[in-house]
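Asker: Each of the two chains sits in its own frame; use the hints to bring them together as a complex.
The primary structure of each chain is shown beneath.
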Amino acid sequence: MSEIKRSYVRPLDVKHGRVDMTHGSGGRAMVQLISELFTRHLGNQYLGQGNDGAVLPVPMVDGLPARLVMSTDCHVVSPLFFPGGDIGCLSVHGTVNDVAMMGATPLYLSAGFILEEGFALCDLERIVVSMAHAARAAGVPVVTGDTKVVERGKGDGVFITTTGVGVLPQGLELGGARARPGDVVLVSGSIGDHGVAIMSQRENLSFDAPISSDTAALNGLVATMLATHADIRCLRDPTRGGLAATLNEIAGQSGVGMMLLEKAIPVKPVVAAACELLGLDPLNVANEGKLIAICSAADAPGLLAAMRSHPLGKDAALIGEVIADTHHFVQLTTAFGGRRIVDWLAGDQLPRIC
Amino acid sequence: MKYIDEFRDGDVARTLAHKIAAVAQASRNYSFMEFCGGHTHAISRYGLSDLLPPNVRMVHGPGCPVCVLPIGRVDMAIELALNRGVILCTYGDTLRVPASQGLSLMKAKARGGDIRMVYSTLDALQIARDNPQREVVFFAIGFETTTPPTALAIQQADQEQLSNFSVLCCHVLTPAAISTILESPEVRQWGTVPIDGFIGPAHVSTVIGSQPYEFFAEEYRKPVVIAGFEPLDVMQAILMLVRQVNEGRAEVENEFSRAVTREGNVKAQDRVAEVFELRRAFEWRGLSVVPYSALKVRAKYGTFDAERRFQLDYRSVPDNKACECGAILRGVKRPQDCKIFGTVCTPENPVGSCMVSSEGACAAHYSYGRYKDMNG
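Respectively, the protein sequence lines represent chains A and B.
Note that my numbering has the first sequence beginning at 1, numbered continuously upward.
Note that my numbering has the second sequence beginning at 1, numbered continuously upward.
With the rest of the complex left out, here is chain B (with noise of 0.2 angstroms):
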């Protein structure tokens, strides 16, 4: 556990939640949006919230890769794996986020679906080899993050002539997401979400760096902090934040440096844009349609699309409408200010997709965080 440990050491946690005790001004209130869901999994797992002042309050953000995936998208999977006879390849997380009729893909596998869970595109890739007779398509999720290992395969894929393997992909841009809350009412407009600063994502700037952020900080004046997924790096990146707030500035600051640089990773760059291209629209649960926020697999390498492939419609299904997940996702409400939260909602039965994952604000509240709730 070397070079992980460091990062989780209580006494330096401590010190830091001194510091920003000691930083923060006392006539005033401080609101930051952690972005990612692997931040929002550390403030949730490591109680850090107890050790912040109680004017400094963190927003959980939309970048949560399976809380994002709307409903259709969901859908098309379980229809390939349901109806088209193919073997689906799916990262765990994303076997339990509801779809329509009450399914899910872990559902879909029990009706005789075969679905199967992949720690990497590798996998997917040597089931496909496996398997010379029967399509098998790879349901490609996530931010930047995941985005290259999806690229990486189809050109593999292309190398070895492995016809029988395609790519169902949803893959996301967070610059895009971060854009929408930005312009979004709530926050423009009515300032009924407070957001003074974000701290950016950790393993997708190792991809993209930390060049992109740039604009947010100029163009809307919000100071961002990129910052890895240890809990020290939470409070640091906090630290950071409200000393920028303090001083009037809005700039992009890298607490991550171990692994982020300004360009980024060019060559995993290259290899996404060689092998994808922006989608003009594409819908995200919570934040509704949202233009060139994802991308789809080029012309060049279409064989691989499992959407031209099979010919899927994308077709969108509203949530259900008790759920509160797109106002969470963007800000605008906490998990415990849903009606069926905790009730009807609950990670066991998930009735949207921020239950889903331990990523997702409302499961990661559910699951380490309703002792806040209790009267008394």
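The shape of chain A in the complex, shown without the other chains (with noise of 0.2 angstroms):
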């Protein structure tokens, strides 16, 4: 009979404990913090492998070998929780939509976690379960994972990277480069919801109608988009630095122009007034559950009436066309029937004075 007693580990107080930095310190508070927060909520069969990477099975797409995508993302979002999500589902979002733009299936996501000592553990257990949710709706599991504390005043509260991988069928090319004049542009919905949802929350501003954040898995979509076989040139989402950005980013890589049309393009009044308000342009304005498709013009309209099938797509519209210019100008006719430039943003958005 053994004389070692079974040692009692007392569970993680997550309702009033701090991350402190023995939770990164590789002994058994680390260990603790993965087994009883982490696993507990995002576990699944890969992650439960427990080695120092998981071993993943690529499958066959239309009976060959599939070819892989791989993207990355690191998130340091503030405020960790705002109105329509947080950090947790944030860090899902963006990374399995990195791959779909691709027109890949999401299949696996890794995260890395960088805490600050300090922070509460009742809050980094909302965004590990708000993570854990976000990646079973998108059908994506977190097969695996690291995590590191930094001193107080070190990090903000809470940093994570995600990685995600997925497969592409052969034949399916998509990319920013392959816009050609003639072509439309599409966007799936509203723009502007997430950064004016951030922007608000940030500087109090409260309105009648709640700004919420769009952030979204758009793998569902897009699979939803693909399967209609339009000829989709490039998908996108418009996240930091808005719509402007990325058509901007699509121009100079095709080495084309763009005419937008200003009317069409869809803007909840809740997210103009607060742009109004404080200055902003919500072209400019981050979107977390929006893409961009260009595609060709004679595909367009099945294209844009499957996108508005799906529940994510359902204000799609088509904003404007891809023109031949050799500056590479995003242009766009105003509501006034004037043109001007629609440029990339120089730094951040701030606001004006008068």
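Note that these hints are calculated values from the structure, not bench results.
Yeah, the Cβ is synthetic: ideal placement off N, Cα and C, and Gly gets one too.
Heads up, a few of these hints could be off.
20 angstroms max Cα-Cα, derived SDA-like pairs, lysine to any residue [claimed, not checked]:
#1 B/K107 x B/G85
#2 A/K263 x B/G10
#3 A/K263 x B/I4
#4 A/K154 x B/K372
#5 B/K372 x A/T333
#6 A/K263 x B/D9
#7 B/K372 x A/T326
#8 A/K263 x B/R8
#9 A/K15 x A/A54
#10 A/K263 x B/A110
#11 B/K372 x A/H328
#12 A/K268 x B/R8
#13 A/K263 x B/K109
#14 B/K372 x A/A335
#15 B/K107 x A/A346
#16 B/K109 x A/G153
#17 A/K263 x B/N164
#18 A/K263 x B/V12
#19 B/K372 x A/N248
#20 A/K268 x B/F7
#21 B/K296 x B/Y314
#22 B/K109 x A/A346
#23 B/K267 x B/Q211
#24 B/K372 x A/M259
#25 A/K268 x B/D9
#26 A/K263 x B/R14
#27 B/K19 x A/A335
#28 A/K268 x B/G10
#29 B/K372 x A/K268
#30 A/K268 x B/A110
#31 B/K372 x A/H41
#32 A/K263 x B/S49
#33 A/K314 x A/N248
#34 A/K154 x B/K109
#35 B/K372 x B/T343
#36 A/K154 x B/A110
Non-contacting residues of chain A with respect to chain B, defined by C-beta distances greater than 10 angstroms in every case (computed) [to be verified]:
#37 S25
#38 S35
#39 D325
Answerer: Right, here's the structure in full:
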């Protein structure tokens, strides 16, 4: 009979506890945090392997070995919790969407956490639960992860880096360099919701109609779109820098210009009003659940109809066309019938004085 | 968006455009200066110049608060933030204004300056209350629109005996700037800048009223139409200016009657007069030293004057030699006439202040209007 008593491990006090330096030091406290918080919520057969890396099967697509698509995204949003979401679900959606924009089916995620000493465990749990929920809803498990703790004052609560891996069938080529004059520009819904939700939370602004982030996983919508076999040249999610940055990026890569129609671009009235108040242009404001599709004009009606049949694309709209332009300008016909350039944003959007 | 959408109605704009085209006489040119950056922004943002007949031309004026801020003044703010250990509170637009030695407030912040963007003077006061052990300085810039809130903040700080709060006052006056332009040789003698009339400021006029412009209309025989910042306001104002020119009138008309009276906001004016007095001279970017064109804190409130408290001396710094901001602010040159426009000087790396704010003529043209420079 062994004399050694089984050591009692006090469960993690998620309700009142805080992240401290031991949670990142490689000792029992770290193991406990991983098992009682991360694995508990995010667990699946791959994460459960418990090795230094996950061993993953790569499926065949259409009887051919698929090509892998990999993308990574760091998330440092402040505030961590905002109307419509939090850094947890955002870190899943952001990377799932990046993989999906390649036309790939996202299969696996990794997650790296940088935690600040003193961060409340109950908040961490909320974030991890939200992540788990988002991963399940998107059908993309978190299969491996890592946690580090930095001293108080050297982080902003929690930073999350996620990497996504997906599979791309042979023959499907989407890319920013494939837009051609005559193509059309589609957007899956109203723009500016995420950025304005974050900004109004940051500035303590409240509106009669609350503004929620649009954060969502778009892999389902993309699958619906690809099923139409429309000639899609390029898909992008207009996150930081908004619609303006994304379209300028594509125009530059493809060596074309674009002409948009201001009236056709969907912007919710409450978002437009908030932008007015904050001195922002919705075209420069971030989105986390919207995509832009460049597609051949002939296939646009069918593609648009398919997008509108999906809940995340019900407000999809055709907002402009690709034109020949050696300057690669993105231009806009204003609601007034005048013209203007839609430029990249210079640095952060800053409120004007007057 | 009620009460805003009504002023952005495309159909009404086209009707107004037709009216302007019908009223404008083909035999002559019309050249109007929009004084305010807010109007410059509206004209560029909504593409209004495309709706005007070719013989009606808009000249951008100097009414962009950050554009007229001389390098020396930004240097003073940077000195406070980097070398005097203060918390410097500033409006967002000001962060990117280029200063000496390749610095700006944004870059000074990255070098460790405690520089915080605020939306109003009330935020700056709160920062002072929250940091009693630190000196908090509000970098007060702008025309008459932003002056009353600064006066209010100083009075509030006085009442609360908030001894760690002070203001670096760089408030400037609209009428002085208009006089300078009208007195400039380009307008008066050489006629190189033809100005047939002014679109008068919107927000500034809500404070100072329409009365101060009567002098320009009478003395210089220039029509002034005060207009709101919405695109339809601007179109309507242009129509009113064309009519005045055609009829040989030079009057002050008020298109922005929903917010501007002849007397203006007397309460706000009283507060400003209570707290501030005229500076004998003030350097503007582009207009150089303009007599009696700016405000300083009165001795009565001297403890809240950062210039006194930190014994700051103003040192004039010449603009970059290649930069044409000065000529552009006076309406003598257009942004695309400047050699470094769009090459060395871009919104990402502004050399001159006109490239900083979207109210600045250069940034407005760069971000919104460059398609007009395309050849074919």
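Asker: Does each hint hold? Answer for all of them.
Answerer: Structure-based check of all given hints:
no. : hint            : result
1   : B/K107 x B/G85  : holds (16 angstroms)
2   : A/K263 x B/G10  : holds (10 angstroms)
3   : A/K263 x B/I4   : holds (16 angstroms)
4   : A/K154 x B/K372 : violated (48 angstroms)
5   : B/K372 x A/T333 : holds (13 angstroms)
6   : A/K263 x B/D9   : holds (11 angstroms)
7   : B/K372 x A/T326 : holds (14 angstroms)
8   : A/K263 x B/R8   : holds (12 angstroms)
9   : A/K15 x A/A54   : violated (31 angstroms)
10  : A/K263 x B/A110 : violated (40 angstroms)
11  : B/K372 x A/H328 : holds (14 angstroms)
12  : A/K268 x B/R8   : holds (16 angstroms)
13  : A/K263 x B/K109 : violated (39 angstroms)
14  : B/K372 x A/A335 : holds (18 angstroms)
15  : B/K107 x A/A346 : holds (15 angstroms)
16  : B/K109 x A/G153 : holds (18 angstroms)
17  : A/K263 x B/N164 : violated (50 angstroms)
18  : A/K263 x B/V12  : holds (15 angstroms)
19  : B/K372 x A/N248 : holds (18 angstroms)
20  : A/K268 x B/F7   : holds (18 angstroms)
21  : B/K296 x B/Y314 : holds (13 angstroms)
22  : B/K109 x A/A346 : holds (17 angstroms)
23  : B/K267 x B/Q211 : holds (16 angstroms)
24  : B/K372 x A/M259 : holds (14 angstroms)
25  : A/K268 x B/D9   : holds (17 angstroms)
26  : A/K263 x B/R14  : holds (15 angstroms)
27  : B/K19 x A/A335  : holds (19 angstroms)
28  : A/K268 x B/G10  : holds (19 angstroms)
29  : B/K372 x A/K268 : violated (31 angstroms)
30  : A/K268 x B/A110 : violated (36 angstroms)
31  : B/K372 x A/H41  : violated (57 angstroms)
32  : A/K263 x B/S49  : holds (19 angstroms)
33  : A/K314 x A/N248 : violated (25 angstroms)
34  : A/K154 x B/K109 : holds (18 angstroms)
35  : B/K372 x B/T343 : holds (17 angstroms)
36  : A/K154 x B/A110 : holds (16 angstroms)
37  : S25             : holds (31 angstroms)
38  : S35             : holds (41 angstroms)
39  : D325            : violated (8 angstroms)
The structure fails to meet hints 4, 9, 10, 13, 17, 29, 30, 31, 33, 39 from the earlier list, while all remaining hints are met.
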